[in-house]
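**Student:** Line order of the protein sequences matches chains A and B. If you read the first sequence in the numbering used here, its first letter stands for residue 3, the second for the next number, and so on. If you read the second sequence in the numbering used here, its first letter stands for residue 3, the second for the next number, and so on.
Among the hints, a few may not be true.
[To be verified] Heads up, simulated DSS-like pairs for lysine-lysine below, C-alpha to C-alpha not over 30 Å straight-line: (1) A/Lys38 - B/Lys133; (2) B/Lys96 - A/Lys38; (3) A/Lys313 - B/Lys304; (4) B/Lys304 - A/Lys96.
Calculated from the structure, these hints are not laboratory results.
Protein chains: 2
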Amino acid sequence: MTPTPQPDLILYNAEQLVTVDPARMTPDNPLGVIPKGALVIKDGCITALGGTCDFDLPDTTNTIDCTGQILLPGLIDSHTHPVFAGDRSDEFEKRLQGTSYLAIAQAGGGIKKTVAATRKASELELYISAKRRLETMLSFGVTTVETKSGYGLDSNSEEKSLRVLQKLKRELPQTVCVTYMGAHDIPIEYKDHPDSYVDLLCHDQLPKIAEQKLADFCDVFCETGYFSVAQSRRILETARTLGMKLKIHAEEFTDLGGAQLAGELGAVSADHLLHISDDSIQAMKQGGTVATLLPGTAFYLKLPHYAPARKLLDAGIPVALATDFNPGSCMSENIQLIMTLACLNMNMTPAEVIQGVTLNGAKALDLHHDRGSLEVGKRADLACFNASSYNELLYHFGVNHLTSVYIQGRPISF
Amino acid sequence: MTPTPQPDLILYNAEQLVTVDPARMTPDNPLGVIPKGALVIKDGCITALGGTCDFDLPDTTNTIDCTGQILLPGLIDSHTHPVFAGDRSDEFEKRLQGTSYLAIAQAGGGIKKTVAATRKASELELYISAKRRLETMLSFGVTTVETKSGYGLDSNSEEKSLRVLQKLKRELPQTVCVTYMGAHDIPIEYKDHPDSYVDLLCHDQLPKIAEQKLADFCDVFCETGYFSVAQSRRILETARTLGMKLKIHAEEFTDLGGAQLAGELGAVSADHLLHISDDSIQAMKQGGTVATLLPGTAFYLKLPHYAPARKLLDAGIPVALATDFNPGSCMSENIQLIMTLACLNMNMTPAEVIQGVTLNGAKALDLHHDRGSLEVGKRADLACFNASSYNELLYHFGVNHLTSVYIQGRPISF
Chain A
3 MTPTPQPDLI
13 LYNAEQLVTV
23 DPARMTPDNP
33 LGVIPKGALV
43 IKDGCITALG
53 GTCDFDLPDT
63 TNTIDCTGQI
73 LLPGLIDSHT
83 HPVFAGDRSD
93 EFEKRLQGTS
103 YLAIAQAGGG
113 IKKTVAATRK
123 ASELELYISA
133 KRRLETMLSF
143 GVTTVETKSG
153 YGLDSNSEEK
163 SLRVLQKLKR
173 ELPQTVCVTY
183 MGAHDIPIEY
193 KDHPDSYVDL
203 LCHDQLPKIA
213 EQKLADFCDV
223 FCETGYFSVA
233 QSRRILETAR
243 TLGMKLKIHA
253 EEFTDLGGAQ
263 LAGELGAVSA
273 DHLLHISDDS
283 IQAMKQGGTV
293 ATLLPGTAFY
303 LKLPHYAPAR
313 KLLDAGIPVA
323 LATDFNPGSC
333 MSENIQLIMT
343 LACLNMNMTP
353 AEVIQGVTLN
363 GAKALDLHHD
373 RGSLEVGKRA
383 DLACFNASSY
393 NELLYHFGVN
403 HLTSVYIQGR
413 PISF
Chain B
3 MTPTPQPDLI
13 LYNAEQLVTV
23 DPARMTPDNP
33 LGVIPKGALV
43 IKDGCITALG
53 GTCDFDLPDT
63 TNTIDCTGQI
73 LLPGLIDSHT
83 HPVFAGDRSD
93 EFEKRLQGTS
103 YLAIAQAGGG
113 IKKTVAATRK
123 ASELELYISA
133 KRRLETMLSF
143 GVTTVETKSG
153 YGLDSNSEEK
163 SLRVLQKLKR
173 ELPQTVCVTY
183 MGAHDIPIEY
193 KDHPDSYVDL
203 LCHDQLPKIA
213 EQKLADFCDV
223 FCETGYFSVA
233 QSRRILETAR
243 TLGMKLKIHA
253 EEFTDLGGAQ
263 LAGELGAVSA
273 DHLLHISDDS
283 IQAMKQGGTV
293 ATLLPGTAFY
303 LKLPHYAPAR
313 KLLDAGIPVA
323 LATDFNPGSC
333 MSENIQLIMT
343 LACLNMNMTP
353 AEVIQGVTLN
363 GAKALDLHHD
373 RGSLEVGKRA
383 DLACFNASSY
393 NELLYHFGVN
403 HLTSVYIQGR
413 PISF
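Chain A extracted, bound-state conformation (with noise of 0.2 Å):
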């Protein structure tokens, strides 16, 4: 195999190159893997991979040296909540001591206390704090990086959030999609008449929204005591109109009927699913709907269980693993510790994982024709790792093992 003339870049001598190309994929190489591996780029494209021994290494070209290190496609977080304001670390006490989420939220805490700092919040504040968040993911290799508004919940404070995302977006290295999650919460003004808040949503927010292009997906948190599954509906709905992607927070915590309503309206994910029913898992299947699993929400909230990502796997649908940030059920911008913790707690294979923060994480944001693998052909998005198999990434946890990363081609500064 030769390079196309004149690469601007060719990382070479990678321990592992870890694909995760379905093409190159086997049973006994369930990621792809090519061993001491090469990678050609071009106009932040790569034009060429194969082992290093295949190629010609040109005098003129830039080259990097990767010995000790594994080579992924950049990781994909496709599920944050990264702009809001305030504190909630005295929470964290309150459920050592045996409360719940659900009863911290009827005490006035929970997503109803965010939205109250989020409201009073400047949007340079907002944006302060949601680029630190952002940043932070980056260093942990995340190169694309799904956002959602939703501690707003007024017109007002939402529009101010995606303006936020909109802005993040043009400014940082990595890929920011951005999602409205009007539908986060019931607000407490409409606490009495939660349908008068869909039909503001419907009526108002998301027709603005749309106009103004500052969103590329729609959310709502179907659950017991926030929207049901005909309120979803209508949100949903009204937003594939409008021309936004959708996707769901289902069965977090009671087994509503999210998951089945994101199957029959062709949702791009589902989220969270530690309660989806069999039924609903043939209601993804058949929507093309993809599962995105939030292993660090479980462990953070001690939930008795996990999301059934075996089941979900056997059924045959991609499973996409995201951090699930945010200031209630998950404080955590680490993704290479989420993945951990899919291994220990989900019972994933190491490759099922890798997968699940690269291809089905592409997947899940409905932009795997350009990244989530290394294919020639797709963006340049790397992540290096100082370890000697994508097995010691997950093994050896609590630390991160990035090395450098790159964003079609440009290698970023920290």
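Got chain A sorted already, so can you dock chain B onto it with the hints?
**Tutor:** Leaving out everything else, chain B in the frame of chain A:
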């Protein structure tokens, strides 16, 4: 309060000066926190501390503004195994498929695999990898660390490991305590006559190590399939006679009686204790033995339960927390993550957890006379974290909050 004349350094405006000073502790302020605190350092020691508004800031002194940060005593990791060669990341997948730690050990994996690689490794190779691991620990705020040999299991390899640790003790900025743990496993060549190995330890290895002053502590893995209580007693009594302080791995997988022995011998600490009996708790209390708990191991090995931290705390036993960093059951240098695990999975309060990695960590190393809390006269070993409260340090998990670290008043660069 006025600082001593011409201090070397004043740190001020810390959101919380977390003293962990028993004289300042109250039920409402269990860590003796001074809000907006300041601390004065002279000749490597703390010479004054209090509220920032009570201090004059002299022009001629180095002053550090700690706004947005909290100040803790340098963290103490009182149980680690950093000297080893080889790679056991392949065992991670085996364990995920349901193979137990003991079953992997019986199949030639586990400690024995690491022993074979460590025996083969050169002293330089062991030094390089152990140094990197201790530097990683320091990067999380650990200014005092206990380190064990125990992957050599023959005289040459144990001495080689201890020499590596003694070299690191001299060279690294943090305090490195060295523990001899020839009784970490029965080496394969003594499999059928383990008492002969105990003879070797007592008559050959221990006297030589004591003569060369290679170790401060002696530790034994007292466990079914490893060392019996009678064997552990022989080894520890010999070590005591030779002037070493005592530690013991006790009741990790079974209730064998090691904690009882620890109390009886007045061991400095008994570690693990997942299966400790009520009688053994009383024995530890009488012996003044610290309980060192290692929740990362239960987390990583997916054990059915954790050590009974609340029972030990309620009995009035000082509880220390440590990583148990090792290649088989807890490959993580991140003490901050271990702290969150202790909250979530052992129902310890944030205050108890912080005491576990400061004052009680110092007690587990018999170093509480000069460190483990911020008090006038103690060493100025400090860890500064990007947080507004100590709750936040635990609540916002999986990321490294450290901003800077001081050892005997000197800022350490990474």
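**Student:** Each of the hints needs a verdict: does it hold here or not?
**Tutor:** Evaluated hints:
no.	hint	in the structure
1	A/Lys38 - B/Lys133	holds (27 Å)
2	B/Lys96 - A/Lys38	holds (25 Å)
3	A/Lys313 - B/Lys304	holds (20 Å)
4	B/Lys304 - A/Lys96	holds (25 Å)
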